[in-house]
Amino acid sequence: MDVMHTQALSSARKHVVGGWGWHGPSLLAAVLFAGNVLAAAPEANGQTPNVFAALEHGLRPSTLKSGEPLPGWSLQERMAYHHVPGVAIAVLKGGKVVQAAGFGVREAGTQDAVNADTLFSVGSVSKVVTAATTLRRVAAGKLDLDRDVNTYLTSWRIPKAPAFAQDKVTLRMLMSHTSGLTVWGFEDYLPNEKLPTLVQTLDGVAPAKNEPIRIDFEPGTRMRYSGGGVTVEQLVLEDTTRKPLETIARSELFQPVGMRRSTFVNPLPASLGNIAKAHDKDGQRAALPRGWETFPEQAASGLWTSANDLGAFVGALINSYQGKGGFLPQPLALQMMTEVTPSLHGLGPRLEGDGQTRVFHHGGSNDSYRAWIEGYLETGDGMVMLTNGPGGTQLMVEIRNALSDALGRGINPLERTVELAPTVFADYTGTYRLDAGVPNDLTGNLAGHFASGTLKVGITEGAVTVAEDKQSPKTLRPLSPTRFLGPVEILPLRFEFLRNARGQVYALFVERGNARVYFRRDAGKVVAQ
Numbered sequence: 066m067d068v069m070h071t072q073a074l075s076s077a078r079k080h081v082v083g084g085w086g087w088h089g090p091s092l093l094a095a096v097l098f099a100g101n102v103l104a105a106a107p108e109a110n111g112q113t114p115n116v117f118a119a120l121e122h123g124l125r126p127s128t129l130k131s132g133e134p135l136p137g138w139s140l141q142e143r144m145a146y147h148h149v150p151g152v153a154i155a156v157l158k159g160g161k162v163v164q165a166a167g168f169g170v171r172e173a174g175t176q177d178a179v180n181a182d183t184l185f186s187v188g189s190v191s192k193v194v195t196a197a198t199t200l201r202r203v204a205a206g207k208l209d210l211d212r213d214v215n216t217y218l219t220s221w222r223i224p225k226a227p228a229f230a231q232d233k234v235t236l237r238m239l240m241s242h243t244s245g246l247t248v249w250g251f252e253d254y255l256p257n258e259k260l261p262t263l264v265q266t267l268d269g270v271a272p273a274k275n276e277p278i279r280i281d282f283e284p285g286t287r288m289r290y291s292g293g294g295v296t297v298e299q300l301v302l303e304d305t306t307r308k309p310l311e312t313i314a315r316s317e318l319f320q321p322v323g324m325r326r327s328t329f330v331n332p333l334p335a336s337l338g339n340i341a342k343a344h345d346k347d348g349q350r351a352a353l354p355r356g357w358e359t360f361p362e363q364a365a366s367g368l369w370t371s372a373n374d375l376g377a378f379v380g381a382l383i384n385s386y387q388g389k390g391g392f393l394p395q396p397l398a399l400q401m402m403t404e405v406t407p408s409l410h411g412l413g414p415r416l417e418g419d420g421q422t423r424v425f426h427h428g429g430s431n432d433s434y435r436a437w438i439e440g441y442l443e444t445g446d447g448m449v450m451l452t453n454g455p456g457g458t459q460l461m462v463e464i465r466n467a468l469s470d471a472l473g474r475g476i477n478p479l480e481r482t483v484e485l486a487p488t489v490f491a492d493y494t495g496t497y498r499l500d501a502g503v504p505n506d507l508t509g510n511l512a513g514h515f516a517s518g519t520l521k522v523g524i525t526e527g528a529v530t531v532a533e534d535k536q537s538p539k540t541l542r543p544l545s546p547t548r549f550l551g552p553v554e555i556l557p558l559r560f561e562f563l564r565n566a567r568g569q570v571y572a573l574f575v576e577r578g579n580a581r582v583y584f585r586r587d588a589g590k591v592v593a594q
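Here this note's numbering = 1-based position in the sequence shown + 65.
Source of the hints: derived by calculation from the structure; they are not laboratory data.
Fair warning: there could be bad hints in the mix.
[As the list claims (entries may be wrong)] Okay, derived cross-link-like pairs now, BS3-like style, lysine-lysine, Cα gap no bigger than 27 Å in a straight line:
id: 1; residue 1: Lys207; residue 2: Lys225
id: 2; residue 1: Lys130; residue 2: Lys521
id: 3; residue 1: Lys130; residue 2: Lys539
[Unchecked claim] For each label pair, taking beta carbons as the anchor points, the in silico distance ranges come out as:
id: 4; residue 1: Thr312; residue 2: Ser336; range: 52 to 62 Å
id: 5; residue 1: Ser316; residue 2: Pro396; range: 15 to 25 Å
id: 6; residue 1: Ser316; residue 2: Gly388; range: 48 to 58 Å
Heads up, the beta-carbon is just placed ideally off N, CA and C, and yes, glycines get one too.
Start from the sequences, fold in the hints, and give me the full structure.
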C-alpha cells in the first residue's frame, strides 16, 4: 500500500475508532464499521467481503469434541478472557490491504485506543523483515546467498569449528535456520537494564544475557531455529554497508514499501507516539516506568511496526512472488518462498500447504507482545495480527481461525477430537527414545526439537500426556485411537502411536509440516519384532 493510501486509511480509522476505549460497549461495532469504510480492493463482482464481520462471532478453537457446537466467540470477549488489552489486525485480498483496524487500548486502565497505525513489538516477525532487507541487497548484486559470510564480516567472525568437515556458513543457511549456529532466542531488556553491543551479543559477553553464538552442528545438515544466526545476518548487512540496520532497512524496505511507522531503533523513542504498552499475563502494565521493553538484537526480534505497515509488507512479498510490484525480482521471491531442505523455512518465512492453500507465515513472541503474519501465495489473501499481552498466543490462534474461515481458503479447518475410554490407550504409557538414525531430510524442522531425546508418556485425569525430561506433562487431544494433537498452538505437533500385529505398542512418531521424528519404546515393553 502506498504512503498516500496509508495516510488516508489512517485518517479514517482515527476518526471512527479513536474515541473508543477498552470497555466501550460499541467498540467492536465501531471498528467493524471502519472495516467496511476502508475496503480498498473490490472483488470481481464489485463487492469486497467484510472479513472483519467474522470477528463479531467467528472466533473459535482449532479443535472441538465430536458433536460440540461452535462457540461463536467475539473478539471483544476473547480479548477479555485472555487478558489482552489491545489488538491490531489487517486483512489482505489480491495482495492489498482491504481492511485494517485496532481493537481495545494501548494501555490498560486508559482510553487510549489502538488503531492500525499503533506501534507494536513484533518479536521474530523481525526475522522476515530482515530477510527481505538482505534479499534486496542480493538483488542489487551486493551480497551472495551462498558465499561464506566470514568473507563479508570485518568487526567479528564466526569462530572456526574444526570438529566438522564443513563449517562454511552462508546467508541462505542463516535465513533458513540451517546454519548450525546456537541461541534459539533472546531475553528482553527492562527499562533500567544496560544494553549489549551487537558484538557482545555474538560473544555472549555481559551485559548480553545469552550464551555465545557458535557452530555446534555441521552447517546445512539440519534445521534448528536460531536467533543467533539472524544476528550474524544483521552484522553482515552492517559490516558490508557500514551503516546501522535501521538505516539499511529504511532505504531498502520501509520507504519502498511505504512502512512509514516502522523502526528497528531500540530503545523505542517515546516521541514516536501511538505505542502499544507492555502487559503481563494478567493484563496488567509491565516494563515500568517506560511501559515497554528493549530488544537490542534488532534483526532477530527488535522491529516495532503497525498493522498497516506489516500488511503492506505482506502484500509486497505476495506481489513479488506473483511477478508484480517490483519489490523483489520474481526468481528471488520464489527462492524466498521455497523450503530449504531440511527446514520448514524458506529464506526467512515458514511455509506450508499446496495450491491455493500455499502460505508463508511467521510468528513473533517477546515477553509482552505476540504477533503473526501470513500470506496466501497463489490467491493474494493474507493477514496480520498484533497484540500487547502474552495471552495473545492463544488469542491469535482463535483470530486466525476466524479470518481463515472468512477468507474461505481452508488453510486451518476445524478438527474434531473423539472421546476415548482410558482402556483404549492404557498401554501407551512408558518411555520412548528418539531414533537418531532417521535421516535429517525427514526429521527436518523437528531435528533438535526434542533436546533430551526422551519422551515419557503417561495418563493424567483420563488423558494421554507427554513430557520431556524435567518438563511438565502436556495433554494430547485424541483424533483417533492412535492419533493425537499436541498442545494448542498455530502449528501443533501431531503424535501417532504404532501398534504391531501382535497388539503391542512399540513406537510413536511426531510430525509437524514436512518433518517427522521417530521414537522407539524402551526395550522390554513389547514383544521383539
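Going down the list of hints, with the structure as the test:
| no. | hint | result |
| --- | --- | --- |
| 1 | Lys207 with Lys225 | holds (25 Å) |
| 2 | Lys130 with Lys521 | holds (25 Å) |
| 3 | Lys130 with Lys539 | holds (18 Å) |
| 4 | Thr312 with Ser336: 52 to 62 Å | violated (18 Å) |
| 5 | Ser316 with Pro396: 15 to 25 Å | holds (23 Å) |
| 6 | Ser316 with Gly388: 48 to 58 Å | violated (24 Å) |
Violation of the numbered hints given earlier is confined to hints 4 and 6; the remaining hints are satisfied by the structure.
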